[in-house]
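Student: Dock the two chains into a complex; use the hints.
Those protein sequence lines, which keep their order, are chains A and B. Position 652 (the first sequence) corresponds to 652 in the numbering used here; numbering is contiguous. Position 101 (the second sequence) corresponds to 101 in the numbering used here; numbering is contiguous.
Bear in mind the hints are in silico, worked out from the structure with no lab data behind them. Certain hints may be false.
Said to hold, decoys possible - Examples of chain B residues lying across from chain A (beta carbon under 10 Å, computed):
#: 1; residue: A14
#: 2; residue: F32
#: 3; residue: N33
#: 4; residue: A47
#: 5; residue: V50
#: 6; residue: A59
#: 7; residue: A62
#: 8; residue: M70
#: 9; residue: L95
#: 10; residue: L102
#: 11; residue: A103
As the list claims (entries may be wrong) - Far from chain A, some chain B residues (derived; all Cβ distances over 12 Å):
#: 12; residue: A55
#: 13; residue: L91
#: 14; residue: L100
As the list claims (entries may be wrong) - FRET-style restraints, in silico, Cβ to Cβ:
#: 15; chain 1: A; residue 1: S604; chain 2: B; residue 2: A45; range: 52 to 58 Å
#: 16; chain 1: B; residue 1: L91; chain 2: A; residue 2: H87; range: 33 to 39 Å
#: 17; chain 1: A; residue 1: T504; chain 2: B; residue 2: D99; range: 33 to 39 Å
#: 18; chain 1: B; residue 1: A45; chain 2: A; residue 2: P385; range: 46 to 52 Å
We treat Cβ as the ideally placed atom computed from N, Cα and C, and that holds for glycine.
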Amino acid sequence: MNRLFARVSIAALIASVGASFGSLDAWSQSVAPPSPPQPAASAPIVGATHYDGWYTFNGNLEDQKYSEADQITPENVGQLQKAWEVHTGDVSDGSGKIPLTDWSATPLFVNDTVYVSTPFYRIFAIEPDTGKVKWTYDTHAVLEAVTQPDLKTRGVAYWQAASPRPGTPCQKIVYIGTMDAKLHAVDADTGKKCDGFADGGVLDINQWNKINAKWPLSVLQPPTVYKDTLYIGWAGKDWAEAEDPPGTVFAVDAQSGKLKWTFDALPPELAKQTGTSNVWASMSIDQEHGILYLPVSSPSPNFYGGNRKEDLPLATSITALDVDTGKVLWSRQIVHHDLWDYDTNSPPVLVDIKKDGATIPALVQSSKMGIFFVLNRLTGEPIYPIEERQVPQSDVPGEQSSPTQPYAATPEPTVPDRFPGIFALADIASFGECTRTFKRLRYEGLYTPPSLQGTLAYPSTAGGVEWGGGAVDPRSGIYVVNSSYVAQIYKLIERKQYEAEAKTGAKSDYYPQNGVPYGFYLHNFINFLGMPCWNPPYGTLSAYDLNTGKLLWKKPFGEVQQWGFYMPKSWGSVTIGAPLITKSGLIFIGASMDARVRAIDLKSGEEVWQELVDAPAVANPATYIYKGKQYVVFVAGGNAILKPQASDQVAAFALK
Amino acid sequence: MAMSGVLPAAKPNAGGPILLTAAAVALAIAVFNFFWLDNGIHGTAGAGLVVISSALMAAAAAALVVATGMGRGLRGTLLVLIALDIIGTGLAAYLLEADLLLAAMAVALVGWIAVLASGRQPRRSSDQPIGQPGAQ
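Same shape as in the complex, but just chain B (with noise of 0.2 Å):
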C-alpha cells in the first residue's frame, strides 16, 4: 500500500534500542529535574509536562522495539505520535533550559530516523508481505 517504504514494516536496526534508551534516559532526566530542588524548574507544570510526554515515548519506543509484529497502521501511527513527541518534548526541554533533556531528544531523533530508514531498506523476500511476523 501507499504507505510501504515511508512507514514501513519492522526490520530490526539500532534505530528502535537507540529510540528507547533515549526516551528511557529522557524519562529519568525528567523524573530527576522534577524532584532536584536545585534546577530551577522542580516541581513546575512545566517539568511535570515532560515527565509525562518522555513516558509516553518511552511506551511507545518499547512498543515499536517489542511489538515487531505490529500492523502498519498501528506502527506508522506510533511513530507519527513519537516524532510529535520529540518535537514537544525537545521543544519543552528548551524553554525549560533542561540541556540534557534536550540532548536526550536528539539523540531520539536519530533512533526515530533510523526506525523510519530501516523500513527503506529493500525487502530481504518479495513474497513476504510488509508488516507480517517473520518476515524479517
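Same shape as in the complex, but just chain A (with noise of 0.2 Å):
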C-alpha cells in the first residue's frame, strides 16, 4: 500500500508494509522451482512494443517506458515548445472541503487520443495535437482521502478487442480506479459508461474486502491489461493497524468485469493477523513466456514484526504468476521481514541483457533500498549475484529480526550505503542540533532496525527508488533511474507511552499500529529550520550498462526550493515520477521539486532542455507520434512531499 504523509519541504515519506520471517534457506532462495510457461499463443490486443504510442503506464508492457520515435533529438531539443495544455479544474490545494490532490497520472496515447484521469477521478480525452478536450468523463467519485492523506491518481488503462466493429459500442474501453475501489469501465470513443462491464460499467474491487476490512481498498494505480484480462492491484492505508486486509490481486475480464482468478502473498491461514504484502505499483508483463509480475509490498503492521513472525516469502518480492492461472512461477524476496516499509515499490523492468556472449531475458527491480536485483525473468535467478549480508539486530522485546538481508552490490545502489554524514551547514545553523539528534539515535547502517531509542534510518522508506522506477534503452541495455536520498528517524514507542506522546505531538509524525505493543514515531531528519541534517545530494540521475553492470554516469537531478530559493544544482532534488527514454538518445522527466521538465542527453547524463511547469510534474511522461509529429507530455500536478503545490495541468511539447 502507498501512503504519503510529511509536509516538510525536503522530505517526506511514502508507505507500506513489509516483512516475513521463516528460515534463512527460505529467504536467500526463490521460492518455486523454475517452470517457464510456453509462449502465448497469440498476440496481445495492446502490443507491448508499439513504439509510436504510449499505451500503457510505462509505456508498454515490459515497463521499459522506451520510445522508437527519434524526431526529437539532442541536436534539436533546444526548439521543444509548448504545442498545446489543458486545465482540467481538478485541483485542490487542501485548504477547502477538498483534500490537497497528489496528481501522478501518466497520459496515454492510444486510439488517436491522450486519456488522462485526473484526482477528482474524471477522465479526460485529448486531441494529440491540438490539445482540444474531445470528451471527459465523471466517477463522481467521492472526493475524500478515506485511505490516502491526498486525492491522487496514477491514471487510466486501455483495452481493445482484437478487431473492433465498427459503430459497437465498448469495443475500445478506458478504466479508471478511484479512491474507494470503483472501477470504472468507459467507452473510448465517446466517453460513455460500458453498461456490459460488471454493475452498470462500474466493478466495486470492495466487494472482495472481507478479511480485516478495516479501511476500503483504493485503485489509483491503474489495471495491468494484457490480451482480455486486466489485472488490479490496490492501495491501501498504511501505518494505522497490525491487522490489516490482505493484499489480494484481482485479475477479471476487461468486458464483463467477472474475476477471473485471485493471487494472495499471503498464507490464508496468517491472513488474519497480519495484512497487506499488496500491489500498488505498476506490474508488468512478458508476453512471449505469459509471465505476470508483481511487486509485492511488506506486510502490515510495517515497522514491527512481532505478530508475524512466520514464514511470509513472498512478501517485500518480486513474484512471477502465470498470466492465465495466476499461478506462482517463482518469487524473488528483496526484503526479509521488512520493519522499514521497504516495500517493492517500483515496476519490474523487463529487458534481454547480452552478458558473456549470450542473451540473458532479464529483469530489473529497483527499491526503495537504492539496491538493483537484476533477475532471469524466467527463473528468478540472480543475473548479478545477490548475496545475503549479516545486518544489525532489533533488540525491541518481542521482535525478532531477520539476521540477514539480501544485496546485490552490481549495479553499484544508487544509494550508498552509508549514512553520508551531517550537513554542516544545517547543524551551525541550528546550534548543533543534527550533531546531538544524531548521537542520540542507533544506526549501524543499511538496516538498523527500528528502536525504542530511535533508529536513523538512511534510505528510509521514502527511497531509494520511488513508485516509477526505471527506463530501459532495450537496444543498448542502458537503464536510467532517478533517486532521492532521504534521511528519517524511526522510533517505536510503547503503547502506554504512545498515547500520551500523539496527543501533543505533531500528527504527522505518529502513527499508532493499532494491535501491537508498540506505536510508532517517525520524522524527517531536520533541524527546526527544516533544514536537512544530512549532507547533499538529496536526488540523482544515474545511467547504468546492464550488460556490465557498470554505473556510466550518476549526477545530482534537479534543484531544492525553498522559499522561492533554489539551492546549489550539486544538492540535486527529492524526486517522485520517473524518466522516459527515447531512440535518439534522450531522457524526458519531470519528478523535480523545481517544477522543471528536462531533457537529458543519455549518453552523458548532461541537461540539454528544461521548461518550467505549473507544479513538480511527478507524473511519469509520455511521448508519442501523431502525424508525424512527436509529442512529449507531462502531467504537472505536484505532490505534497516536495513541496505544498498543486496544479491541474497537462503539458504538450513539440518542436517549433
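Tutor: Structure follows, in C-alpha cells:
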C-alpha cells in the first residue's frame, strides 16, 4: 500500500508494508523452481512494442518507458516549445473541504487520443495535436481521503478488442479507478459508460474486501491490461493497524468485469493476523512467455514484526505468475521480515541483456533501498550476484529481526549504504541540533532496525527509488533511474507512552500500529529550520549499462526550492516520478521539486533542455508521434511530498 | 573629517541616476516576478523579499539624488545600506534564478561605485565645506 504523509520541504514519506520471517533458506532462495510457461498463443490486443504510442502506464507491458520516436534529438531539443496545454480544473490545495490533490497520472496515447485521469477521478480525452478536449467522464467519486492523505491517481488503462467492430460501443475501453476502489469502464470513443462491464459499467473491488476490512481498498494505480484480462492491485491505509486486509491481486475479464482468479501473497492461515503485502505499483508482463510480474509490498504493521514471525516468503518480493491462472512461477524476496516499510514499490522492468556472449531474458527491480536486483525473468535467479549480508539485530522486546538481508553490489546501488554524514550548514544553523540528535540515535548502517531509543533510517521508506522506477533502452541495455536520498528517524514507542505522546505531538509524526505493543514515530531528520541534517545530494539521476552492470554516470538531479530560493544544483532534489528514454538518445523527466521538466542527453547525462511547468511534474511523462510529429507530454500536478504546490496542468511539447 | 573622500559629499555625476534607475527597474522586475505566474517564484517569500529590498533601494537612491544637501554621516550611512541592499538583493536574485533582477543589481553596483567615486574627486573650491549646499 502506498501512503504519503510528511509535508516538509525537503523530504517525506510514503508508505507500506513489510515483512516475512522464516528459515534462512527460504529467505535466500527463489520460492518455486523455475518452470517457464509456453509462449502465448496469440499477439496481445494492445501491443507492448508499438513504440509510436504510449499504450500503458510505462509505455509498454515490459515497463521499459522507451519510445522509438526519434524526431526530437539532443541536437534539436532546444527548439522544443509548448504545443498545447489543458487545465482540467480538478485541483485542490487542501484549504477547503476537498483534500489536497497529488496528481501522478501518466497520460496514455492510444486510439489517436491522449487519455488522462484527474485526482477528482474524471477522465479527459484530448486531441493529441491540439489539446482540444474530446470528452470527459466523471465517476462522481466521493472526494474524500479515505485511505490516502490526499486525492491521487496514477492514470487510466486501455483495452481494445482484437478486431473492433465499428459502430459497436465498448470495443475500446478506458478504465479509471477511484479512492474507494470503484473501477469504471468507459467507451474510449464516446466517453459513455460500458454497461456490460460488471454492475452497469462499474466494478466494486471492495466487494472482495472481507478480511480485516478496517478500511476500503483504493485503486489508484491503473490496472495492467493484457489480452482480455485486467490485473488489478490496490493501495490502502498504512501504519494505522497491525491487521490489515490481505493484499489480493484480482484478475478480471476486461469486458464483463467477471473475476477470473486471485492471488494472495500471504498464506490464508496468516491473513487475519497481519495483512497487506499488496501490489500498489505497476506490474509488467512478458508476453512471449505469458508471465505477470508483481512488485509485492510488505506486510502489516510496517515497522514492527512481532505479530508476523512466521515465514512469509512472498512478502516484499518480486513474484512471477502465470498470466492465465495466477499460479506462482517463482518469487524472490528482496527484504526479509521488513521492518522499514521497504515495499517493492516500482515496476519490474523487463529487458534482454547480453552477458558473456549470451542473451539473457532479464528483469530489473529497483528498490527503496537503492539496490538493484537483476534477475533472469524466467527463473528468478540472479544475473548479478545477490549475497545474504549479516545485518544489525533488533533489541525491541517481542521482535525477531532477520539475521541477514539480500544485497546486490552490482549494479552499484544508487544510494550509498552508509549515512553521508551531518550537513555542517544545517548543524551550524541549528546550533548543533543535527549532531546532538544523531548522537542519540541508533545507526549501524543499512537495515538498522527500528528501536525504542530511535533509529536513523538511511535510506528510508521515502527511498531510494520511488514508484516510478527506471527506464531502459532495450537496444543498448542502458538503464536510467532517478533516486532520492532521504534520512528519517524511526522510533517505536510502548503503547501507553505512545498514547500520551501522540496526543501532544505533531499528527504527521505519529502512527498507531494498533494491535501490537508499539506505536510508531517517524520524522524527517531535519533541524528546527526545516533543513536536512544530512549531506547532499538529495536526489540523483543515474545511468547503468545492464550488460556489464557498470554505472555509466550519476548526477545530482533537479533543485531544491525553499521560499522561492533555489539551492545549489549540486544538492539535487528529492524526486518522484520516472524518466522515459527515446531512440534518439534523450531522457525526458519531470520528477523534481523545482517544477521543471527536462531533457537529458542519454550519453553524457547533461541537461539539454528544461521548461518550467505549473507544479512538480511527478507523473511519468509520455511521448508519441501523431500525424508525423513527436510530442512529449507531462502532467504537472504536484505532490505534497516535494512541496505544497498543486496544479491541474497537462502540457505537451513539440518542435517548432 | 576622516570620512571625507571615502564617503563623500554629493557631487553630480551619473552614479546617482544610474543607481536610482537600476533600483527602480529592479523594483519593477521584482513586482512583476512576484505576480507573474509562469516563473517558478511567484508569490513566494523570496520574491516578496526582493520587492521590499528593491523598494528600499529605490527610496535610498532617490534620497541620494534628490537630497543633495544631506549630511555626510547620513549620506555615508545610506551608501553603506545601499551597498548591503545591492549585495543582499543580488544574492537573492541569484538564488531565485531571477536573471534580470541580478542584471539590475549589477547596474546598481556600477551606479553605486560611481557615486562613491564622485566623492573622491577634488573639491572645486577649498573654502566650500564638504556636504554643504552650494558646494557643487
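Student: Evaluate each hint against the coordinates.
Tutor: Results for each hint:
no.	hint	result
1	A14	33 Å, violated
2	F32	14 Å, violated
3	N33	9 Å, holds
4	A47	5 Å, holds
5	V50	9 Å, holds
6	A59	23 Å, violated
7	A62	27 Å, violated
8	M70	35 Å, violated
9	L95	4 Å, holds
10	L102	13 Å, violated
11	A103	17 Å, violated
12	A55	17 Å, holds
13	L91	9 Å, violated
14	L100	15 Å, holds
15	A:S604 <-> B:A45: 52 to 58 Å	36 Å, violated
16	B:L91 <-> A:H87: 33 to 39 Å	35 Å, holds
17	A:T504 <-> B:D99: 33 to 39 Å	47 Å, violated
18	B:A45 <-> A:P385: 46 to 52 Å	50 Å, holds
Hints 1, 2, 6, 7, 8, 10, 11, 13, 15 and 17 from the list above are not met by this structure, while the remaining hints are.
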